[in-house]
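Undergrad: Top line first, the protein sequences correspond to chains A and B. Our numbering puts the last residue of the first sequence at 274; the count rises by one with no breaks. Our numbering puts the last residue of the second sequence at 172; the count rises by one with no breaks.
Certain hints may be false.
Here are some chain B residues the structure puts well away from chain A; computed CB gaps all over 10 angstroms [stated by the list, open to error]:
1) L(-1)
2) G64
3) M80
4) R111
5) D124
6) T135
Derived PhoX-like pairs (lysine-lysine); straight-line CA-CA distance at most 20 angstroms [as the list claims (entries may be wrong)]:
7) B:K87 to B:K105
8) B:K87 to B:K142
9) A:K223 to B:K18
10) B:K104 to B:K89
11) B:K75 to A:K207
12) B:K87 to B:K104
13) B:K62 to B:K87
14) B:K142 to B:K75
15) A:K207 to B:K105
In short, the hints are calculated from the structure, not lab data. For each residue, glycine too, the CB sits at the ideal point set by N, CA and C.
One letter stands for each residue in the lines below.
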Amino acid sequence: MNVTTHTVDAKGQSCPGPLVALARALKDAQAGDLFELLATDPGSRSDVPSWAELSGNELLDAETLEDGSFRYVIRKVA
Amino acid sequence: MATIEAEAPTASLGDLLQRVEALEAQQAKQITKKNKLTIIAWGGSLDQIWPTTILATTAAASGMESSVFFTFWGLFAIVKPGVRITGENWMQKMMSVMNPGSAEKAKLSHYHFAGAGPAMFKKLADDHRVAKPEELISLATDLGARLIPCQMTMDLLGLKRADLIEGLEEPIGAATAIAEMRDAAISLFI
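Pulled out of the complex, with its shape left as it was, chain B reads as follows:
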């Protein structure tokens, strides 16, 4: 009995050290999540950009870090209200005609009815005093949310920094968007 007890600890010491080292290396690779919400705003329709801006604003109002990465159709929601046709070639120009800029002009994905749907929606929102996406965008930035456009889709759709609203962060790429999502406790694709 005595010999077993004496041998066992010395034999496993090196093994134990190795295991501690392995654990430390594993821990170093682990991601520390922040109290943060990141939304990839892909959709530009009213029924997508509205929840996007509600959640981003509420997270910022709750003291969380909040960031929104605008890409594809989401980008049209942050075009300046006065900007009409954007882009350099006919394809980009046609795209901008099909997707009039700014959150105010966002269409409904269902029941659009040539604009009657969004008008009814906004009438209801006024009656219930729900802030509209364009109002929420400025509230969100006011509360410290970061709004970030996607550089690649800006180039693809022919949108320039000057076509977009004020108060945005510098455009970023997919890797930075992933870095944003990686350390966010909550990340959504809307």
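Only chain A is shown next, with the shape it has when bound in the complex:
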């Protein structure tokens, strides 16, 4: 199976910027595609899991990088 990984760089954007950028990227993607979301908004730490629950997509990983920014890995489900 071919899995495409997309990177969505939403660094510097505030709420709801990262989620909107992610949702727009997901729109044209295939189910099963992986997304790497990069963000600096501290609100994304609670917002990305909430978004995943609301939208039914799968949050595979959430980490804080060395520079203090955040990286999320999401799998498009629907």
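Using the hints, position chain B against chain A.
TA: What follows is chain B alone, placed relative to chain A:
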């Protein structure tokens, strides 16, 4: 003992059927809520139209149905940016002068300071890269949110369909707005 056991079920069968029927009728009347956010955008000030557009956009971005019903001062936020004076009589015209159209011109309900307040707000928003209401309006529609103007307030305020921005649904009335809210899991009045 034996006679009681034999009589009890037969005596209650008709009653039981009646109760099932009543329950079914009750269930038929119950509303099934959708995974949907509906906002009544009543306020047109910047500190109202901003959260309205943030929530509508976020709901749409989360795969929820999202609809916004624009009424009263909220309508001025969806007037086309270039449109100046609207309305046919002096009252409607005066109203449009007091409420310059488009989300870009929305005033702050507090600390407006003749426009200095919104300018500072937007400077902060730029610094923090927060999308502005007018940007959020187009993002929301792009993500499938439905923006619906209120027909009655359009008539009252003298706003025509051509005065309003593109991408809106057909104007509706209060009953349709209530129908929108009735099946929405979340409905807000902002």
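Undergrad: Return the numbers of the hints above that this structure violates; sort them in rising order.
TA: 4, 5, 11
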